[in-house]
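Novice: What follows is each chain in one-letter form.
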Amino acid sequence: GQQVMQIPQYQHVQEGEDFTTYCNSSTTLSNIQWYKQRPGGHPVFLIQLVKSGEVKKQKRLTFQFGEAKKNSSLHITATQTTDVGTYFCAGKTSYDKVIFGPGTSLSVIP
Amino acid sequence: DAGITQSPRHKVTETGTPVTLRCHQTENHRYMYWYRQDPGHGLRLIHYSYGVKDTDKGEVSDGYSVSRSKTEDFLLTLESATSSQTSVYFCAITLGPGREGGYTFGSGTRLTVV
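For the record, the sequence lines run as chains A and B.
Read in order, the letters of the first sequence correspond to residues 1 to 110 in this note's numbering.
Read in order, the letters of the second sequence correspond to residues 1001 to 1114 in this note's numbering.
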């Protein structure tokens, strides 16, 4: 079946270091969304990417959608303790089905 | 997020009992969803609704039913709770396919079946 995978599953970084999580789909996606979930909280929508090769920035966060629309990445520059949480990607297939990845859990060591 | 609330926030129930979780929205969004979140599985869709009395199954619908009699309320019922249904349940709303923006999630219900 259609799958969305994320790597790594866990990432521990020193505060100030950069962080990247990768999202890969087994099928071409019509769009991809990214969410952040703080420990004990609920997922919060961050951004949606639609176009092939699209790059969007939100302050220290950079989101990229691959040329083939089958992969995406989220890069955080100079992590802060406020970045702690789990980052999920969610890919929408051509059948309007949204598939969430399993998430990457980020820990930031002060 | 403002505009979507779930109740109860926590519940402990016994195996075999029926349980109903409630999701209420004030955004007048057409689409509503129930997800469960378990370690290692991310978010998995249980059921969703695309209008009043219009519902459909998600990928993990066995043992669950839903109802939507009003735009603002979407109920999830576990007909006879089992330990495998111990999970965190999230309700979500969207404007619908083709519309800009992602899901807005409720704060979740932590359900424990003993």
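Source of the hints: derived by calculation from the structure; they are not laboratory data.
Accuracy of the hints is not assured; some may be wrong.
As the list claims (entries may be wrong) - To list a few chain A residues with every Cβ distance to chain B over 12 Å, as calculated: (1) Gln-6; (2) Gln-9; (3) Val-13; (4) Gln-14; (5) Gln-37; (6) Pro-43; (7) Leu-46; (8) Gln-48; (9) Gln-64; (10) His-75; (11) Thr-77; (12) Thr-86; (13) Asp-96; (14) Pro-102; (15) Ser-107.
Claimed, not checked - Each computed DSS-like pair below joins lysine-lysine, with the alpha-carbon atoms no more than 27 Å apart: (16) A:Lys-92 to B:Lys-1053; (17) B:Lys-1057 to A:Lys-92; (18) B:Lys-1053 to A:Lys-36; (19) A:Lys-92 to A:Lys-70; (20) B:Lys-1053 to A:Lys-70; (21) A:Lys-59 to A:Lys-36.
Every residue, glycine too, gets a C-beta built ideally from N, C-alpha and C.
Novice: Against each hint, give a clear statement of whether it holds in the structure.
Specialist: Hints and how they fare:
no., hint, in the structure
1, Gln-6, "violated (8 Å)"
2, Gln-9, "violated (8 Å)"
3, Val-13, "holds (21 Å)"
4, Gln-14, "holds (25 Å)"
5, Gln-37, "violated (9 Å)"
6, Pro-43, "violated (5 Å)"
7, Leu-46, "violated (8 Å)"
8, Gln-48, "violated (6 Å)"
9, Gln-64, "holds (17 Å)"
10, His-75, "holds (19 Å)"
11, Thr-77, "holds (23 Å)"
12, Thr-86, "violated (9 Å)"
13, Asp-96, "violated (5 Å)"
14, Pro-102, "violated (4 Å)"
15, Ser-107, "holds (16 Å)"
16, A:Lys-92 to B:Lys-1053, "holds (24 Å)"
17, B:Lys-1057 to A:Lys-92, "holds (17 Å)"
18, B:Lys-1053 to A:Lys-36, "violated (31 Å)"
19, A:Lys-92 to A:Lys-70, "holds (10 Å)"
20, B:Lys-1053 to A:Lys-70, "violated (35 Å)"
21, A:Lys-59 to A:Lys-36, "holds (15 Å)"
Hint violations for this structure: numbers 1, 2, 5, 6, 7, 8, 12, 13, 14, 18 and 20, all remaining hints satisfied.
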